[in-house]
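Peer 1: Sequence:
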Amino acid sequence: MILRIKPITNPIFSRRPFSSPDYIASHSVWEIPPPTTVAGTLGDALGITIPTNESSKLLGLDKLSEKLNEKLTEPCGIPFSITGPLLETEGRYFVPIGEGVFLPVQYDNVKKIAVIGDRNKAKLIHGTERRVGVSLKRGYNQNEEKVGRSGMHYRYLVSVYEMVENEKKRPVLPNYVYKLTGCQGSGNIQQKRAIRFGGEGGIAFLEINRSKEEDSIFSAMFSPLSNLEQGCYLALSPIPLIPKHGNSSHISEVTGLEPFGGPSSVRGICDERSCKVKVVRMGLGFSEVYKSRRPQILALPQGTLLEVSDKHGSNNSKVLKVLYSLGFASLLKVGDELCQD
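Take 59 as the starting number for the sequence shown in my numbering and just add one per residue.
Note that these hints are calculated values from the structure, not bench results.
Among the clues, some could well be false.
The following label-pair restraints were derived from C-beta to C-beta distances [as the list claims (entries may be wrong)]: (1) Glu-187 - Asp-102: 20 to 28 Å; (2) Ser-284 - Tyr-212: 40 to 48 Å; (3) Asp-176 - Ser-274: 19 to 27 Å; (4) Ser-274 - Arg-228: 24 to 32 Å; (5) Asp-394 - Ser-193: 46 to 54 Å.
Beta carbons are placed, not taken as given, at the ideal position from N, Cα and C, and that holds for glycine.
Turn these sequences into a full structure, and let the hints guide you.
Peer 2: Structure below.
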């Protein structure tokens, strides 16, 4: 099944909370929707509710994964997972290849891999625009209405995208497209549905359909929950890492790379000159159900290249398996030459 999210307005995927009288920060945004945002949006569209009377390390993400599996698949032994995203605009798909850069991609039906286009011909660039908001508070004359907080304005950023082609730029608003792996269940959304997406009242149309996946770019998309073949892969979403001890952020001292062959499998984010391994810190979002912010994790960012060996193992961490099912560590199989020195 294919999940397609079509933003109506420029989306906001905050990396840090907005500044306030109690919290001073420089607002920044993610280039693509965090997997927890997508999973929560999908759960909301399907009418999934999460009980709050049960403790959870991930503040409901494990329960959300279970209920998405129940709603969208049937018992058949195939693990449910969300895989993606591909960015879709003007009839083409784009994938992350560097910080803020997305390149067109096509499927090679013979080699069964994705072929990434030339960055000098066409590319999608992520940027930001600054907006001004008014902080609200509840309660006015003992009522529950929200009212403006006296003197409190704040600045925030929204994501914008530009298509760069033939030395010309034009604004676009791409769709986010995901593959839902599992059996063909009964949770189909028959028509487009407008639903909250991202921050600051963002809205998007959401639809699920049973588009043909074979012999298309979707058949080159994989989750670590499946058996990965040997070869070169591009990360479409952040790859979660958990320190083995303390606050270490070096890839040799974390767990989470076992499904790919360990730390030696990481090539990094590569350009025409070199490759660089980058580790970022990211939060798992705010739980609207628990009214609390989830913990932070370490991650390899989207656009990271991995060379999966034939001796890769698996990871028994329940936390990582939940994150994989919700879209973390989504991979696109690409040509082996991209992972070569």
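Peer 1: Hints first: check each against the structure and report whether it holds.
Peer 2: Verification of the hints:
1. For Glu-187 paired with Asp-102, a C-beta distance near 26 Å keeps the hint of 20 to 28 Å intact.
2. For Ser-284 and Tyr-212, the hinted distance range of 40 to 48 Å is satisfied, since their beta carbons lie about 43 Å from each other.
3. The given range of 19 to 27 Å is respected by Asp-176 and Ser-274, whose C-beta atoms sit roughly 21 Å from each other.
4. The supplied range of 24 to 32 Å is met by Ser-274 and Arg-228, whose beta-carbon atoms lie about 27 Å from each other.
5. In this structure the hint that Asp-394 and Ser-193 lie 46 to 54 Å apart at CB holds, the actual value being about 52 Å.
When each numbered hint is compared with the structure, no violation occurs for any of them.
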